[in-house]
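Could you build all of it, start to finish, from the sequences and the hints given here?
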Amino acid sequence: MFKLGKLYTLLLATTILSAPALAADPIKIGVVTPLSGTYAPIGQQVRWGLELATKEVNASGGIMGRQIQLLFEDEEANPSVAVQKAEKLFESEKVDFLTGTVNSGSTLAVGQTAERAGKLIATTVSFADSITGDKCSPNVFRVNARAGQQSAALAAWVAKQKPKAKVYFLGPDYEMGRSTVATFKRTIEGLGATSVGEVFAPLDSKDYTQYFGQLRQARPEVLYTSVAGNDTVRLLTQMQDFGLLGNLLVVGASGTVTSQNIGAIGAAADGFTTGVGYSTQIDNPGNKKFVADFKAATKADPDLYGADSYGLIYFYKAAVEKAQSTATDKVRAAMADLKWATPQGEKTMRAGDHQAIQPMYVVRVNSGKFNIVGEVGGDEAIGPDECKRF
Amino acid sequence: MTSALEFIQFVLAPQMITGLSLGVAVVLVALGLTIIFGLLDVINMAHGEFYAIGAYLALALGAAGINFWLLIVIVPLIMIPLGYVVERGLIQRVFNKPDRHVTTLLLTFGLSLVLEETLKVIFGPNTQRPPTPIPGAIDAFGIIMPNYRLFLILLGFSIIIAVALIVNRTALGAMVRAAAFDRNMAASLGVPASRIYAGTFAFGVALAGLAGVLLAPVFSVFPTMGHDFIFMAFTVVIVGGMGSIGGTVIAGLVLTQVQVLSSLVVSPVWSDPIVFSIMVLVLVLRPQGLFGRMGHA
Amino acid sequence: MRSASSKDASAFLAFDRSGLAMRASHVLVVILVVAAFGFAAVGAALNDTFYLRLATEALIFGGFALSVDILLGYTGLLSLGHALYFGFGAYVSALVLKETPSFWAAMGAVLAATLVFGFITGLIANRVRGVYFALVTFGIAQVAAKAVYNTRALGASDGLIGIPIVPINLGFMTVMSNAPVAFFLFTLVFVILLYVAAAYLLDTSFGRILGALRVNEHRVPFLGYSTHRARLSIYVFAAIIAALSGALYPMLRGFVSPELMFFTTSGNAVITVVIGGVGTLAGALYGSVILTVLKSVIGTMTEHHLIVIGILFMAVVIFLPKGLMGVIRPRIARRLRGGAR
Chain C
0 MFKLGKLYTL
10 LLATTILSAP
20 ALAADPIKIG
30 VVTPLSGTYA
40 PIGQQVRWGL
50 ELATKEVNAS
60 GGIMGRQIQL
70 LFEDEEANPS
80 VAVQKAEKLF
90 ESEKVDFLTG
100 TVNSGSTLAV
110 GQTAERAGKL
120 IATTVSFADS
130 ITGDKCSPNV
140 FRVNARAGQQ
150 SAALAAWVAK
160 QKPKAKVYFL
170 GPDYEMGRST
180 VATFKRTIEG
190 LGATSVGEVF
200 APLDSKDYTQ
210 YFGQLRQARP
220 EVLYTSVAGN
230 DTVRLLTQMQ
240 DFGLLGNLLV
250 VGASGTVTSQ
260 NIGAIGAAAD
270 GFTTGVGYST
280 QIDNPGNKKF
290 VADFKAATKA
300 DPDLYGADSY
310 GLIYFYKAAV
320 EKAQSTATDK
330 VRAAMADLKW
340 ATPQGEKTMR
350 AGDHQAIQPM
360 YVVRVNSGKF
370 NIVGEVGGDE
380 AIGPDECKRF
Chain Y
0 MTSALEFIQF
10 VLAPQMITGL
20 SLGVAVVLVA
30 LGLTIIFGLL
40 DVINMAHGEF
50 YAIGAYLALA
60 LGAAGINFWL
70 LIVIVPLIMI
80 PLGYVVERGL
90 IQRVFNKPDR
100 HVTTLLLTFG
110 LSLVLEETLK
120 VIFGPNTQRP
130 PTPIPGAIDA
140 FGIIMPNYRL
150 FLILLGFSII
160 IAVALIVNRT
170 ALGAMVRAAA
180 FDRNMAASLG
190 VPASRIYAGT
200 FAFGVALAGL
210 AGVLLAPVFS
220 VFPTMGHDFI
230 FMAFTVVIVG
240 GMGSIGGTVI
250 AGLVLTQVQV
260 LSSLVVSPVW
270 SDPIVFSIMV
280 LVLVLRPQGL
290 FGRMGHA
Chain X
0 MRSASSKDAS
10 AFLAFDRSGL
20 AMRASHVLVV
30 ILVVAAFGFA
40 AVGAALNDTF
50 YLRLATEALI
60 FGGFALSVDI
70 LLGYTGLLSL
80 GHALYFGFGA
90 YVSALVLKET
100 PSFWAAMGAV
110 LAATLVFGFI
120 TGLIANRVRG
130 VYFALVTFGI
140 AQVAAKAVYN
150 TRALGASDGL
160 IGIPIVPINL
170 GFMTVMSNAP
180 VAFFLFTLVF
190 VILLYVAAAY
200 LLDTSFGRIL
210 GALRVNEHRV
220 PFLGYSTHRA
230 RLSIYVFAAI
240 IAALSGALYP
250 MLRGFVSPEL
260 MFFTTSGNAV
270 ITVVIGGVGT
280 LAGALYGSVI
290 LTVLKSVIGT
300 MTEHHLIVIG
310 ILFMAVVIFL
320 PKGLMGVIRP
330 RIARRLRGGA
340 R
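Chains as they are written, first to last, in numbering that gives the first Met the number 0: chain C, 0 to 389; chain Y, 0 to 296; chain X, 0 to 340.
The hints are simulated quantities; they were obtained by calculation from the structure and are not laboratory data. These figures come from a predicted structure and were not determined experimentally. Among the hints, erroneous ones may be present.
[To be verified] In silico lysine to aspartate or glutamate, EDC-like type, Cα no more than 20 Å apart, as pairs:
#1 X:Lys97 - C:Glu114
#2 C:Lys27 - X:Asp47
#3 C:Lys159 - C:Glu379
#4 C:Lys329 - C:Glu114
#5 X:Lys97 - C:Asp300
#6 C:Lys165 - Y:Glu5
#7 C:Lys288 - C:Asp300
#8 X:Lys321 - Y:Asp98
#9 C:Lys288 - C:Glu220
#10 C:Lys159 - C:Glu220
#11 C:Lys184 - C:Glu50
#12 C:Lys93 - X:Asp47
#13 C:Lys298 - C:Glu55
#14 C:Lys184 - C:Glu197
#15 C:Lys288 - C:Glu50
#16 C:Lys294 - C:Glu50
#17 C:Lys287 - C:Asp269
#18 C:Lys163 - C:Glu220
Shown next as structure tokens:
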């Protein structure tokens, strides 16, 4: 009896003593992402990417011995809901870090909430230049490539393929669509191309055929588009039905053709070219393993959203390990100029505007695969730091 | 001179022809809506979701190997019991309440939320698309027109004429119109009014499903596709006169032409506000719509 | 149209009893206020932020639902685009606050701007009745929301961020809009004042005209009242209630976005009112609390919460046409009548 009592005391003592060292409580990462609504397919990729990386990190001992716990909340692609859910995760669940927002409105609004709560967030999807530009925040980081990086890579490639090309622009009529077109137009005109017309179609347009007349009359060699999701399915398949894809080089934004809609677009996606921060075809061992694991876990190919979300967990891990803390100020300082490994290779977080620098790829679709046809170095694509707040 | 000709050849003529195919699509969706309103006095907010269900059925059955031509028949047949059950199980329960318009509108709004989300649970959030049943395109005088769209215009008109004949020329249609005009009178003359109501609702739902089958290859399939045509369909039904088949057809074709032609002159973003303004104008000047109501002609 | 006489009679009965029913609503609102104070006390003791601010949001949307109920419950007009005014108030408030962080300036601007905006849009919407009204209000809101979505000066699709924390000077004290307990209580008082204003207005002779309008629109002109003017007035009044509620939103959250004007927001308010109980005013406030709790609980369990909410909503429409209040309020009314004896 005595022995047992002593053992019990001993056990108790070790438990108490080792509690802080074991740090049994996990590191909580909040994920506010659209699981329902228009952007649900993107939210799905975000979720898959984060879950895969978390599983890997946890299996190999977590971050500084602490396991990562992901807490998901559906933001319904609505900034009002996003902010409410972010506040829940910050105040009620006391998460250490937050990510997942997709539309730039949500990222900006949640970034402000984070600032007021004294927490850090990162987006892995939003590509509006403003997030790390004129509306930058000391508490917001972006690990994915922004619109400007994508345009720079694509424009350089187009200018090489078709020097002094006649380019036609077709964008969705809202702020993001217009600014993406404007950025690409400026870049490509700077490289000697001429613009022969532009049209902005409402979001969720049913029928793009009504713009085909103007398009044919303008006789462009290159069509640039920044539509996304269902809109791309309709645009490209309708162009195929009308036989317009034959002698036209179709290029566009990174979100125009993704693994979500490529199945529905089918052969009409062949030849489509874009500047993007990720492709499953990137030839390095890290990416090969990532693609295989992702497929095994989800039965789907990762796309740029899945890959960047996957890389984010490693970004946070590297920062916390460098800071040896999860405190906001220490982690923020550690994130500045941090280099970390991702499926795309090494990325660098620029301290001046919290924008990740990474090599950009020009990928061209062929039979449902995103083949890399060009590459632009990270420093060439990144563009100037326009953040003035910090 | 060449540029004017080129404008007609490249822009104006194709614009009007593709506008026609869009118009037929809108009318196909609006047809069931107008019949349901004309007879039951019910605004079916879930009509777009029935259209989506038709498209998803076509997609799923098509993937299971059933041929497209068979789907045109099978899918509406599956939709009929669904519509019948919805009318009997939901609409009839509130049919005799004082604010029928508002109550049924609310009820079908709730139904639309549930149906849309259910489609997402079953089929996932991603866009899908069945293969085009008739590939290829015709190139006449430089005007390109895909074969399937031409087929859609022809079949669409056949369906419209068939529906108009059923409603206006058959004994069944006469009963429907009688019930629409005065339910009690029709019932006392031996018309099985409640079964006619459920049957008509089911017919409208089946038409929505048929529209889903036919339009899926052109406009693709995704859970929120029900929102796509619904506002335009409502506009067409209101402008044409709730329940008037002829009015719906004319309004559908004219309004889509207004939309495609106005987009040549002003930014396409304005095409919705323009059509909407026409609707408000018609409502103010002629609240019963341009062509009056079913059973009241 | 059919069986018009029996409909008149039943609606008239409901109207006749409204005095007692409204008093029951007042009692329920008092209960809500007491519960809210208890909630605030617990929240303060636990040093909570999230739940207090969530409850504040529920109250703000309750104020918005109140305005939908004014239209639907008292004139029978279902607006499917009422978020237009909620969003309008939020945007005007946000724009003023970005210039000068003054609560009263923002409220004054919202009031004045909504008076004009509500009047103009009301002229269009009130040309039509019934289902057409629902579809026209839907259309107006769609067009306006799209315009905001495309206007760079209003932040376009990104919305406006950076709305400062606002000190609300009440004379005897100053409430900061980021103080969870104080701003919750302030919002409570604010929304209750909106409720009182609505209840008072509907109890005046003007309110009785509205009741008469609902019962039989064609007879009202014979009583010497202009139906058009009465409908327009109540429309503008409802717009102002919605806009004033919306004006609080950027103070709480620090941003506005075009989604505040979208159909989802309008639809949510309609669901709120129907679940709470149409034509009861108190139901709008209770409905908002219930819906917020439901969404918060179910939303964490599944991303398919719309199925649950949709089914609940349909069940209420079929089985509880007077919503939650239809179950509770008669009991209170019976007690009140018992007490009067």
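Hint check:
1. Of the pairs offered as hints, the one joining lysine 97 of chain X and glutamate 114 of chain C holds, with about 18 Å between alpha carbons and a cut-off of 20 Å not exceeded.
2. Proposed proximity of lysine 27 of chain C and aspartate 47 of chain X is supported: the alpha carbons are some 19 Å apart, at most 20 Å.
3. Under the criterion of a C-alpha separation no larger than 20 Å, the hint pairing lysine 159 of chain C with glutamate 379 of chain C is consistent with the structure, at around 16 Å.
4. A threshold of 20 Å between alpha carbons decides the hint, and for lysine 329 of chain C with glutamate 114 of chain C the separation of about 15 Å falls inside it, so the pair holds.
5. At roughly 45 Å between alpha-carbon atoms, lysine 97 of chain X and aspartate 300 of chain C are farther apart than 20 Å, so this suggested pair is violated.
6. For the proposed pair lysine 165 of chain C and glutamate 5 of chain Y, the alpha carbon gap of about 19 Å is at most 20 Å, so the pair holds.
7. Under the criterion of a C-alpha separation no larger than 20 Å, the hint pairing lysine 288 of chain C with aspartate 300 of chain C is consistent with the structure, at around 12 Å.
8. Of the pairs offered as hints, the one joining lysine 321 of chain X and aspartate 98 of chain Y holds, with about 12 Å between alpha carbons and a cut-off of 20 Å not exceeded.
9. Our distance criterion of 20 Å between C-alpha atoms is broken by lysine 288 of chain C and glutamate 220 of chain C, whose separation comes to about 39 Å.
10. With a C-alpha separation of about 14 Å, the suggested pairing of lysine 159 of chain C with glutamate 220 of chain C holds against the 20 Å cut-off.
11. Taking the CA atoms of lysine 184 of chain C and glutamate 50 of chain C, the gap is near 38 Å; set against the 20 Å cutoff, the hint is violated.
12. Restraint check for lysine 93 of chain C and aspartate 47 of chain X: the C-alpha separation of about 12 Å stays at or below 20 Å, so the hint holds.
13. A threshold of 20 Å between alpha carbons decides the hint, and for lysine 298 of chain C with glutamate 55 of chain C the separation of about 18 Å falls inside it, so the pair holds.
14. As the CA atoms of lysine 184 of chain C and glutamate 197 of chain C are separated by approximately 10 Å, the hinted pair is consistent with the 20 Å bound.
15. Note on lysine 288 of chain C and glutamate 50 of chain C: the hinted pairing holds, with a Cα-Cα distance of about 15 Å set against a maximum of 20 Å.
16. Of the pairs offered as hints, the one joining lysine 294 of chain C and glutamate 50 of chain C holds, with about 13 Å between alpha carbons and a cut-off of 20 Å not exceeded.
17. The suggested pairing of lysine 287 of chain C with aspartate 269 of chain C is violated, with an alpha-carbon distance near 23 Å, which exceeds 20 Å.
18. For a cut-off of 20 Å, the pair hint linking lysine 163 of chain C to glutamate 220 of chain C stands: about 10 Å separates their Cα positions.
Of the numbered hints given earlier, the model fails hints 5, 9, 11, 17; all others are met.
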